Amino acid sequence: MSSFSDKDTAGNKIDQYLSDAGIDDLTEMVLALSAEVCILRDRIDTHERLADLGKPLTLENTEDFEPDQEVMAFRSEQRQKVIAKVLRVFRENITRDIEAHKN
Amino acid sequence: MAIATHNPIMIERSQREASEQAYVVDLKKFIASDIDPICRELADTVREVNLPEINEQSRDEHIVVRKKLEKTKPYRDWVHLMRTAQDMMWDSIATPLDRQLEALNTKADIKNPRGSVTVDPGFTVPRYLTKSDVHRMPGGYAAINADGDVRQGAMYDLGGFIYHMGGNNGTLNDARGHTLMSHIYARDPDFNPQRILEMGCSAGNSSVAISGYLAGTEMHSIDASAGLVNYAHARAESMGATIHFSQQDAAATNFEDSSFDMVCSCVMLHETSKHTIADIFNECYRLLKPGGLMVHLEVPYRYEDLDLWGRIRADYEGQHNNEPFWRGFLEVDLETIAQQAGFIDRIETYQDVTRKAERGGGKMREKSLGVHRSWYIYSAIKPK
Chain A
3 MSSFSDKDTA
13 GNKIDQYLSD
23 AGIDDLTEMV
33 LALSAEVCIL
43 RDRIDTHERL
53 ADLGKPLTLE
63 NTEDFEPDQE
73 VMAFRSEQRQ
83 KVIAKVLRVF
93 RENITRDIEA
103 HKN
Chain B
22 MAIATHNPIM
32 IERSQREASE
42 QAYVVDLKKF
52 IASDIDPICR
62 ELADTVREVN
72 LPEINEQSRD
82 EHIVVRKKLE
92 KTKPYRDWVH
102 LMRTAQDMMW
112 DSIATPLDRQ
122 LEALNTKADI
132 KNPRGSVTVD
142 PGFTVPRYLT
152 KSDVHRMPGG
162 YAAINADGDV
172 RQGAMYDLGG
182 FIYHMGGNNG
192 TLNDARGHTL
202 MSHIYARDPD
212 FNPQRILEMG
222 CSAGNSSVAI
232 SGYLAGTEMH
242 SIDASAGLVN
252 YAHARAESMG
262 ATIHFSQQDA
272 AATNFEDSSF
282 DMVCSCVMLH
292 ETSKHTIADI
302 FNECYRLLKP
312 GGLMVHLEVP
322 YRYEDLDLWG
332 RIRADYEGQH
342 NNEPFWRGFL
352 EVDLETIAQQ
362 AGFIDRIETY
372 QDVTRKAERG
382 GGKMREKSLG
392 VHRSWYIYSA
402 IKPK
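Listed in order, the protein sequences are those of chains A and B. Going by the numbering used here, the letters in the first sequence line up with residues 3 to 105, in that order. Going by the numbering used here, the letters in the second sequence line up with residues 22 to 405, in that order.
Pulled out of the complex, with its shape left as it was, chain B reads as follows:
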């Protein structure tokens, strides 16, 4: 069955609700295009006029500058503006979602599914995902109202579309899955796996995109959130994809040793600590067959690439957008972790964004082209 080009269970919006969400998109665009550049200039100016003091301190330059900025009204206003825009985004989704939740839960109760969904009532969501509402999304990843509830997944799916301002392939929001496949096909034009696993699948956007390239491959996708895997399952089924979803911790799954040809994730690693990333790489190694491929797609820059304001912005993600591991991930040495886990043929690269992967096509680069133009990729092979 062909994969659908639209998502039948996306939250429907009245004209009024669509207008409200369009306002949020334009507010975020305005902050990015008109406020952000002068904040960068302000940070550079504060650095310049305080250079002697900054040079005397042992702390990171951007932290010294940020501490000074935190005493100024414009910086505090910027923080508040950013937080408010994010909160308005989630609020604009909650109204249509709550109106349709019962209908969405009914749609999600798929009779005779091609794939499956398994939620573990005894599962404890890792503390690092319950401590705060990641991305300021009300209820975060972990909230669940009832068996089969899809609320958090539906909210995350539409939120992802608005957050990326339509730049991540429209309402399907699945450019990451296509770009991950583009990297795999660039590495191995003959890639033809029997069984694959996707970790941290969230609302299943990348899952369906990946599945579309691999007819006949047995695909499993896991996430720590019941609300997300319930929604991802319903989304995949309604789009014609056959995927087996389950609620599991990527660092300790229940799959057998050496049982997958490929294990991957899209923007999962930055939600975890350095310690957990090491556990996840070890788990990938355990799960892969000899010669199997591990691929992780992530945000399109590393800490060393960021200028002064970029580093202050990275701190904002941790302090105010409830992304506690943001900076830690940007600095983590994946090469050492992968090497220690036993992986070989390791590639760290930036993959050009695509919405259609071609075997032998796809371009890898040493430098990122920026947001929505590149994704960072770390991939490696388990030795035969």
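The shape of chain A in the complex, shown without the other chains:
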């Protein structure tokens, strides 16, 4: 089974809601890549913390590492910064549009 839905109420009408299909595809690719960047950052964070504890950076130690609340909050903050950078242009477009409507 596909991991993406193919039964959508928007159906054929979807084109009228979306921007240029190529740009939309690119957005999905960039978001997927930024997810991978964040996953790697979490992995590096785990390794740094294991190293601080003097533990070898084995697959087993990496998988067994359980981030506590403080670590999870730190990682969430880092992810939010990455996401804010990736979506900066979205925010700016909306703000620009608000000004354009007012003028």
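Hints are computed from structural coordinates only; laboratory data are not their basis. Treat the hints with caution; some may be incorrect.
[What the hints assert, rightly or not] Taking lysine-lysine and the DSS-like style, the derived pairs with C-alpha atoms no more than 25 Å apart in a straight line are:
(1) 94(B) / 104(A)
(2) 83(A) / 49(B)
(3) 388(B) / 9(A)
(4) 9(A) / 49(B)
(5) 87(A) / 50(B)
(6) 92(B) / 104(A)
(7) 49(B) / 87(A)
(8) 9(A) / 88(B)
(9) 87(A) / 94(B)
(10) 377(B) / 388(B)
[What the hints assert, rightly or not] Not close to chain A: a few residues of chain B, all C-beta gaps over 12 Å, as computed:
(11) 47
(12) 85
(13) 363
(14) 375
Keep in mind that this is a model prediction, so the values were computed, not measured. Yeah, the Cβ is synthetic: ideal placement off N, Cα and C, and Gly gets one too.
Here the structure of chain A is known, so what remains is to put chain B in place on it, guided by the hints.
Below, chain B without anything else, positioned relative to chain A:
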């Protein structure tokens, strides 16, 4: 047997998979906290500058504004962003799920269960649940791969945890069940039923929470999806709850007349049409003993409470999150439907969210405190 405080059959995630899902949670949080407010400002601005035209039209104000927004790039980008975040959520679940599906199906094959699960091979899932994948969940409610398959239930359970961003009581995702019981105990501190029915139980999150308060009560939970009741049964058994699950249509069950002291549901009604809600209320009436209680818990606002952007967001749920009855439910007059079904002592309220219901405790309010702080409740009694 005490109910477990964790769910042993929840999909297990590697560090990489947990990181991917954490990204989706943070992406959704960012959209809600940083993108949504400026979209609201954009909608208000479009309304303001087009006020003369809006006032001339007979259509709803928010539809006129939405039609104008649909021609703008920022709104279209927002729609695409929302859809993509939702699709990334399901995709992040599919990888660990597919790896563990065989093991999960084996775990779900419970020998000597306390409760039971009954799936009807001849059952036709209502068309309104098969037409699209509700919540954009691949396969929707209805997909089933084999006898005893739990795939859709497992996917829904972890998806619910991510979707609520941990705000609905962690991986148990069961604050709704506790809040429903809190309402019942506020109505009737001596509530002590012999037999109860839960409709639209989905992955069984609320089922187990409700069951935990009612030792000795015979509990039945139904859902239209085989994959969901199979999973809900396995989840309940592995947590120590005794519940009888079956695949049934809430509008036409096979239970006897006047055979339950309470019939309830959690976030089921918004997945159905106004017409089906009337059928479900009539079915609740038929199933309840005289003096029995009907309780339905739902999303924590009504249409009249929504501002301009809130109404546009409600349209999004119908148009893009495959929730075709979202707006219809928010506007439906449950009071009239319940009255026509014959119910008395009707209460329409917002119940404070709790993770532990107390007899005689729990607070009802006229106004919602908002998402994850209140749930809307409609409850009523069948006359004696």
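Holds or violated: residue 94(B) to residue 104(A), with C-alpha atoms at most 25 Å apart: Holds - the C-alpha atoms of residue 104(A) and residue 94(B) are around 16 Å apart, at most 25 Å.
* Taking 25 Å as the top limit, are the C-alpha atoms of residue 9(A) and residue 49(B) close enough? -> holds, 22 Å
Pairwise hint evaluation, residue 104(A) against residue 92(B), where the allowed Cα distance is 25 Å at most
With a Cα-Cα distance of about 17 Å, the restraint between residue 92(B) and residue 104(A) holds, given a limit of 25 Å.
* **Minimum Cβ-Cβ distance from residue 375(B) to chain A exceeds 12 Å** => holds, 22 Å
TODO: Given the hint that residue 388(B) pairs with residue 9(A), test it: the Cα-Cα distance must not exceed 25 Å.
DONE: Judged against 25 Å, a Cα distance of about 36 Å means the pair is violated.
Given the hinted pair residue 377(B) and residue 388(B), is their Cα-Cα distance within 25 Å?
Within the cut-off at roughly 22 Å; holds.
Check your understanding: Hey, does residue 363(B) actually stay past 12 Å from chain A on C-beta?
Key -> Holds: least Cβ distance 34 Å, greater than 12 Å.
Quickly compare the C-alpha distance for residue 87(A) and residue 94(B) to 25 Å and report which way the hint goes. With a Cα-Cα distance of about 19 Å, the restraint between residue 87(A) and residue 94(B) holds, given a limit of 25 Å.
- Item | Cβ separation check - residue 85(B) to all of chain A, threshold 12 Å | holds, 14 Å
_Holds or violated: residue 49(B) and residue 87(A), Cα atoms, limit 25 Å._
Holds - the C-alpha atoms of residue 87(A) and residue 49(B) are around 15 Å apart, at most 25 Å.
Taking 12 Å as the cut and beta carbons as the points, is residue 47(B) off the interface with chain A? violated, 4 Å
Given hint residue 88(B) paired with residue 9(A) - CA-CA distance at most 25 Å: holds, 24 Å
In this structure, the earlier hints numbered 3 and 11 are contradicted, and the remaining ones agree with it.
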